[in-house]
Amino acid sequence: MAAITRHNNRLGVWGWLGGGRWGIERYAYILHRLTGLGILLYLLMHTVVTSLRVRNIYLWTEGGFFHQPIFRLGEFCVVAAFAFHAFNGIRLVLVELGFAVGKPIEPIYPYKTSVGVQRPLLIAVMVLALLFLLVGAYNFLGLAR
Amino acid sequence: MAELKVNFHVTRYNPEKDPKPYIQTYSVAVNDGMTVLDGLHWIKENLDPTLVWRYSCRMGICGSCGMLINGTPTLACNTQILHLSQTDITVGPLPNFEIIRDLVPDLLSMFEKHAAVHPNIIRPEAELTDRTGEFYQSPEELEAYLQFTYCIKCGCCMGACPTLATDVRYLGPMPLTALQRYNADSRDEGFKVRAQVASADGGAFRCHYAGECSRVCPKGVDPGKAIQLLKRKLVLDYLHLANRKKPCPKLEGPGHGKLLPNMTAPPRTIPE
Ligand code: HEM
Ligand code: SF4
Ligand code: SF4
Ligand code: FES
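Taken in order, these protein sequences are the chains called A and B. Just so we're aligned: the first sequence equals residues 228 to 372 in the numbering used here. Just so we're aligned: the second sequence equals residues -16 to 255 in the numbering used here.
No wet-lab data here; the hints were simulated from the structure. Since this is a predicted model, take the numbers as computed values, not measurements. Ideal Cβ placement from N, Cα and C applies to all residues, glycine included. A hint or two may mislead.
Computed footprint of chain A on chain B, listed as stretches where at least three residues anywhere in the stretch have a Cβ under 8 Å from a Cβ of chain A [unchecked claim]:
{"id": "1", "stretch": "39 to 46"}
{"id": "2", "stretch": "53 to 61"}
{"id": "3", "stretch": "196 to 204"}
Reference excerpt, derived from the structure (chain B facing chain A, CB under 7 Å, subset only) [unchecked claim]:
{"id": "4", "residue": "Y(-4)"}
{"id": "5", "residue": "P(-2)"}
{"id": "6", "residue": "P2"}
{"id": "7", "residue": "Q130"}
Looking at chain B on its own, in the form it has when it is part of the complex:
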């Protein structure tokens, strides 16, 4: 296949030298199937070793390579150059975050907000540490939150959210989705604790459903949906209309945590 030259208009910024970000254009030799991430590698190898960005898995799993590509926050490794353009593409760092250098955003603010929403199962400590049984969860109960577990914390939704663009205190779609993921988990008892965060200033009611987060999420997590379901629960709870279901029970297993008398362990495969 004939090789094509595509102009990459890349945002460059070195806080030690540059007063503000500027655009540098590179002509990249593009083959069919090349991703934007491949293009950046090509630039680094052939044109400019000083270009900096963040990546790791190059397969849409680690969430490191979120960037503003042609004006849309998305994963560089998950975006093919020729699907966008055959002449010009723009690559910039994720908006709504400070730039560390070139295409590297400082995601710390997002991770701090994430930590603040209690993104973990909240149950009495004894129940969690006692390993003699498992929590019972039906497939339907799993589905209530499964979609929101696919989030890879790439921050694309945070870059797209117009509310976050003007309000730094807003938790943002990723942390609120993580919050709803645990709220909707039938094993969890932490609604009250999280409601403090979710209904506070900068919480769920800052979202006005621009839907942008759901449109850009590269994993189909649909943060907009999670946040609206979260609001629904908060409002119903406030009005004392929420059905207060007890968290799912812990199964004590056939032997209630002890081996059944007639059960033997399978033979060892590795000699002692």
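Here chain A stands alone, though its shape is the one from the complex:
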């Protein structure tokens, strides 16, 4: 057999994310959770802040606490989180209702799994999320005005 070549086993940046040993669906799973909780948190804060209107407190207008560039960035993050969550959520609905996982097949090595069957859908919804974000960025950068 051919001589064994030494391999530099360093994982580099991939090592941060667990060495790329986990599939991207797992990262989508984690991100879906985080963004879900994130926008829930936003919704709660948003409800509290806007309801202060009954006491004549307008924190988001000129001179108010939330009228700062940092919160504008924060708002964009909420849009980004929402874009990911909503589009990925559409994929999850389709997948979890069994529409994008394929039929049971004979497992022949190398195995093909449902993960591969739904992968194009994942890519498609991520492209849509990105397009949504670009439109959002256009607005946030003030180009729409």
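Using the hints, position chain B with the ligands against chain A.
Relative to chain A, chain B with the ligands alone:
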């Protein structure tokens, strides 16, 4: 071929002595074609007779040797060392299970969940015990569940599932796949009984399709697919949209359970 030294970073743990697991490194002489299981044997024979793991068939059939190899739950007997690395590999016990010792996980929790999903054909007792006929199943009906029968209960999927990592009550991919295997069997009448388990707390809807189980399954069983098909059926049934097919009939055979008058048994090959 020149022999190569590969460092095995093995998780050691003796609950009688060690407060928590630690890593011990062994330098293993590796030849081409050696599996991780072979490497462990080599360590036991040459370096450390106290190292403990579980295995049986050493050919990917018994499901005993599931381990966390280089961070991925897989079968030690089905993984070649040099396919992973020529310098270092890590070997640990399957995650999401308690460690009995070293590389031996306590799989009891998985088997209890497996037993809880009614992993058997449910039909009226009389039909099952009466041996005069067979159930009729077409090749298409067989294919609806065949893939899920290849499961060897190795627990790799359970070690990989991120939901199971945080929720001990979740049944997990292996038991839910076994559940779907029987639900999808045209001979079975147990959907209602199993739906109780599958839609309860810790059931199928705990799965959020991280797909990890399907990626690691060493037998190509695709538990993720089984669970999503299970959810689909549960949702359709809940909405009264599922097509309620009667379970397949029992064939009574050409003679309806009795020998045909003109049929004779072949001559005996062993004298009485
Ligand atoms: C178009 C909008 C949305 C869609 C399509 C959507 C879709 C989904 C889906 C399908 C799930 C289940 C995921 C799974 O089974 O793994 C989910 C989970 C969740 N969503 Fe949404 N969602 C949307 C908006 C929101 C909003 C506005 C919030 C917060 C206020 C939110 C918070 C959450 C949370 C906290 C979870 C639980 C995450 C988890 O358990 O991993 N979602 N979403
Ligand atoms: S589904 Fe696959 S990974 Fe899970 S126990 Fe069965 S054979 Fe092992
Ligand atoms: S698809 Fe479901 S069962 Fe499989 S690893 Fe993901 S969450 Fe767990
Ligand atoms: S020893 Fe039986 S599956 Fe590995």
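Consistency of the hints with the structure:
{"no.": "1", "hint": "39 to 46", "in the structure": "violated (count 0)"}
{"no.": "2", "hint": "53 to 61", "in the structure": "holds (count 3)"}
{"no.": "3", "hint": "196 to 204", "in the structure": "holds (count 6)"}
{"no.": "4", "hint": "Y(-4)", "in the structure": "violated (22 Å)"}
{"no.": "5", "hint": "P(-2)", "in the structure": "violated (27 Å)"}
{"no.": "6", "hint": "P2", "in the structure": "violated (26 Å)"}
{"no.": "7", "hint": "Q130", "in the structure": "holds (4 Å)"}
In this structure, the earlier hints numbered 1, 4, 5 and 6 are contradicted, and the remaining ones agree with it.
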